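Asker: Listed below, chain by chain, are the residues.
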Amino acid sequence: EAQVTQNPRYLITVTGKKLTVTCSQNMNHEYMSWYRQDPGLGLRQIYYSMNVEVTDKGDVPEGYKVSRKEKRNFPLILESPSPNQTSLYFCASSLGGGDEQFFGPGTRLTVL
Amino acid sequence: DQQVKQNSPSLSVQEGRISILNCDYTNSMFDYFLWYKKYPAEGPTFLISISSIKDKNEDGRFTVFLNKSAKHLSLHIVPSQPGDSAVYFCAASEEGYGKLTFGQGTILTVHP
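Chains as they are written, first to last, in this note's numbering: chain A, 1142 to 1253; chain B, 8 to 119.
To be clear, the hints were calculated from the coordinates, so they are not data collected in a lab.
Check each hint, because a few of them may be wrong.
[Stated by the list, open to error] Each computed EDC-like pair below joins lysine to aspartate or glutamate, with the alpha-carbon atoms no more than 20 Å apart:
1) B:LYS61 <-> A:GLU1241
2) B:LYS12 <-> B:GLU101
3) B:LYS106 <-> A:GLU1194
4) B:LYS106 <-> A:ASP1240
[To be verified] Using C-beta positions, here's what the derived DEER-type ranges look like:
5) A:SER1223 <-> B:ARG24: 40 to 48 Å
6) A:ASP1179 <-> B:SER35: 21 to 29 Å
7) B:ASP8 <-> A:LYS1206: 19 to 27 Å
8) A:SER1223 <-> B:ALA48: 24 to 32 Å
[To be verified] Rough simulated footprint, nothing fancy, chain B against chain A, three-plus residues with beta-carbon under 8 Å:
9) 1173-1186
10) 1240-1251
Just so you know, these numbers come straight off a predicted model, no measurement behind them.
From the three backbone atoms N, C-alpha and C, an ideal C-beta is built for every residue, glycine too.
In isolation and in its complexed conformation, chain B is listed as follows:
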């Protein structure tokens, strides 16, 4: 049972445009959400997070939006740069439980 789903395996965007990566979850007990970025031959690195008490969090070019009623979160990257090309994973956790549950990942390609 996949509790965190990223339904788009890949996304292709032109440099300078907006990239929108989506993530859905089914467990209503999740209260903290994170996005990770992964380059080939490296481990995932933390990008941005959001608590369930917020609906938006910004960090430079990266913004995460959370819609709790729809159990949906999205990551916006604007403007997109070729260096953003990577696999993006969303993850969720439940307070008090020692685990992160990850989605399948979305491959983002930003074309110059």
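The shape of chain A in the complex, shown without the other chains:
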């Protein structure tokens, strides 16, 4: 089954404790992206990757890191999480950057 998976689905952590949210797709898509969803703000792009070893900033990259060492995986790293990073995070993938994107189920992160 074609899908995008994210782990964990729910995470509660404390300020400053490094964490990684994993994302994996099995569709051989070149493009992957991370979004955060906040009330009244819709989906805002954090980082995206056009291909392996190619990443770029989205609209709200501050406080996040990503890496794309292999095509299927695109982890999101929060080196020192802060409460304003409490949000619902979605990973997505597509054939190309402006194409229909397939989304993962989301990760709800709470930073205390």
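Starting from the known structure of chain A, fit chain B onto it as the hints suggest.
Answerer: Chain B in isolation, oriented as in the chain A frame:
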């Protein structure tokens, strides 16, 4: 700067009637537009798209209209069904750029 705007946070419609969801954009370089549907606890799923060379695209009960001069697009759902109740996001992309820009979303409620 919100380049894609959905000015109606919510819309309530009776089953069987038409639902019209609206979206405005400011970036004249956008040339591809998409609508996504999101149920609670799930990731967004692609619904329908339209290229800037067209002004209308239909897929079953769903039709998207694009008015480039007004920088406005709309999604028509007819007839509306209770299962259509969800959050609807419009998104836009610019050819050659690896990103989608999303609106804030509109919560559609279809009453039986």
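Asker: Are the hints correct? Go through all of them and say.
Answerer: Hints, verified against the model:
{"no.": "1", "hint": "B:LYS61 <-> A:GLU1241", "result": "holds, 17 Å"}
{"no.": "2", "hint": "B:LYS12 <-> B:GLU101", "result": "holds, 16 Å"}
{"no.": "3", "hint": "B:LYS106 <-> A:GLU1194", "result": "holds, 17 Å"}
{"no.": "4", "hint": "B:LYS106 <-> A:ASP1240", "result": "holds, 9 Å"}
{"no.": "5", "hint": "A:SER1223 <-> B:ARG24: 40 to 48 Å", "result": "holds, 45 Å"}
{"no.": "6", "hint": "A:ASP1179 <-> B:SER35: 21 to 29 Å", "result": "holds, 27 Å"}
{"no.": "7", "hint": "B:ASP8 <-> A:LYS1206: 19 to 27 Å", "result": "holds, 25 Å"}
{"no.": "8", "hint": "A:SER1223 <-> B:ALA48: 24 to 32 Å", "result": "holds, 25 Å"}
{"no.": "9", "hint": "1173-1186", "result": "holds (count 8)"}
{"no.": "10", "hint": "1240-1251", "result": "holds (count 7)"}
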